[in-house]
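Peer 1: Using the sequences and the accompanying hints, generate a full structural model.
2 protein chains.
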Amino acid sequence: MRADARDNRARIMTAADDVFGQSPGASTDDVARLAGVGIATVFRHFATKTELLEAVLTLRLERIRDRALELAGSDDPGPAFFEFFTQVVSESASKLAIAEALTAAGAAAGEEAREAGRGMREAFSGLLTAAQKAGAVRADAEMPEVYALLIGASRGATAAKLDPETRDRMLALIYDGLKPRR
Amino acid sequence: MRADARDNRARIMTAADDVFGQSPGASTDDVARLAGVGIATVFRHFATKTELLEAVLTLRLERIRDRALELAGSDDPGPAFFEFFTQVVSESASKLAIAEALTAAGAAAGEEAREAGRGMREAFSGLLTAAQKAGAVRADAEMPEVYALLIGASRGATAAKLDPETRDRMLALIYDGLKPRR
DNA sequence: AGATAAGCGGAGTGACGACTTCGAATATAT
DNA sequence: ATATATTCGAAGTCGTCACTCCGCTTATCT
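Protein sequence lines correspond, in order, to chains A and B.
In short: position in the first sequence from 1, add 948, done, that's the numbering used here.
In short: position in the second sequence from 1, add 948, done, that's the numbering used here.
Calculated from the structure, these hints are not laboratory results.
Fair warning: there could be bad hints in the mix.
As the list makes no split between identical chains, a pair holds if one copy fits it or if it spans any two.
What the hints assert, rightly or not - Cut-off 30 Å, straight-line C-alpha distance, at most; resulting in silico cross-link-like pairs (DSS-like, lysine-lysine):
1) LYS1109 <-> LYS1127
2) LYS1081 <-> LYS1109
3) LYS1043 <-> LYS1109
4) LYS997 <-> LYS1043
Bear in mind the structure is a predicted one, so any value in this text is a computation, not a measurement.
Peer 2: Here it is in structure tokens:
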């Protein structure tokens, strides 16, 4: 692969991440313009718009997974779990826009993105069980509903454009529900 | 207004509610086809697609508000609050699709829909304070974050396509966080 | 029943966006 | 330095969708 081609690919990805993160309905032209390349170049690297969206989404998911794995190394599982939860919710706005764009564009997520999602959930699951073993999270809360809470909090915060204080108060309520019953 | 016109208007509204509730990206033709009328008829009753979406959304919001007002009359405020919460979350899928279609189509919601949203939130706020007075919900939880929870739970349940059991387990976690600390 | 005004359907129209084509430009290999 | 194969960008093409125009139909009033 030629050096300039690789450069362009990278520039397109970051531009797409930016553009779609802000408005899911953005056009391919918008991406090309921000990346400083022609439209054809975008389509040469990503055969379809859906493919581009998938690539961007996959990257995001992998970054979140890495963050989870990093925190899993911590020797204080309780705080690690809650910190991860909070972080994902705070950064949700742009990620969600991209996921939304994908479903809007071409129905289901492709294999690549689905695999990335799986990896992310596994890492999160690891954080959860560690926090439970440490007694920071009630033992009878299972992965599906806790994950649903994560998604819900993220989407809620994004949709309602919550200011940070309200978001933190909402998270505090959720965390109280997750803590062991006294 | 002629009788057949009123009939058609009603048929168009229910068709739109149905169609947009299932897929926010649906076209006006789809609505006309389901309603059994021509496209022009749709546009005669609703000058723009946005207007149609707003009408449908407003209707939904008003129905929810009415449900809240109805439950506010109950003499058992705790259960009334939680029942309302659960019900809104269960029915969220279609409502959200419509709200999404609106924002996707024409930016912000118009005056009519915003007014309906305000009314709905007021009714919900009434349920909340009543439940707090009855000691069923912790007193230090305020409207903004509780409302954020409602939105989040709804969006989460919809986005993740939760099966009813997981959804109920998630709600149980949320409700535990809302109950007074022991 | 007959007049008439309101309502109706379906074939346009114009804009927009995903994707393609093709001649010009540029990186690498000798 | 020159050849050549790859990449580039701008101007298309094609399909879709919101919205309009106009001749026909039908409810309502006398």
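Peer 1: Now, for every hint given, state plainly whether the structure supports it.
Peer 2: Hints and how they fare:
1. LYS1109 <-> LYS1127: Close inside one copy (26 Å) and across copies (25 Å); limit 30 Å.
2. LYS1081 <-> LYS1109: For LYS1081 and LYS1109, only the inter-copy Cα distance (29 Å) is at most 30 Å; the intra-copy one is 34 Å.
3. LYS1043 <-> LYS1109: both (14 Å within a copy, 18 Å between copies)
4. LYS997 <-> LYS1043: For LYS997 and LYS1043, both the intra-copy (17 Å) and inter-copy (28 Å) Cα distances are at most 30 Å.
Going through the hint list in order, the structure satisfies each hint without exception.
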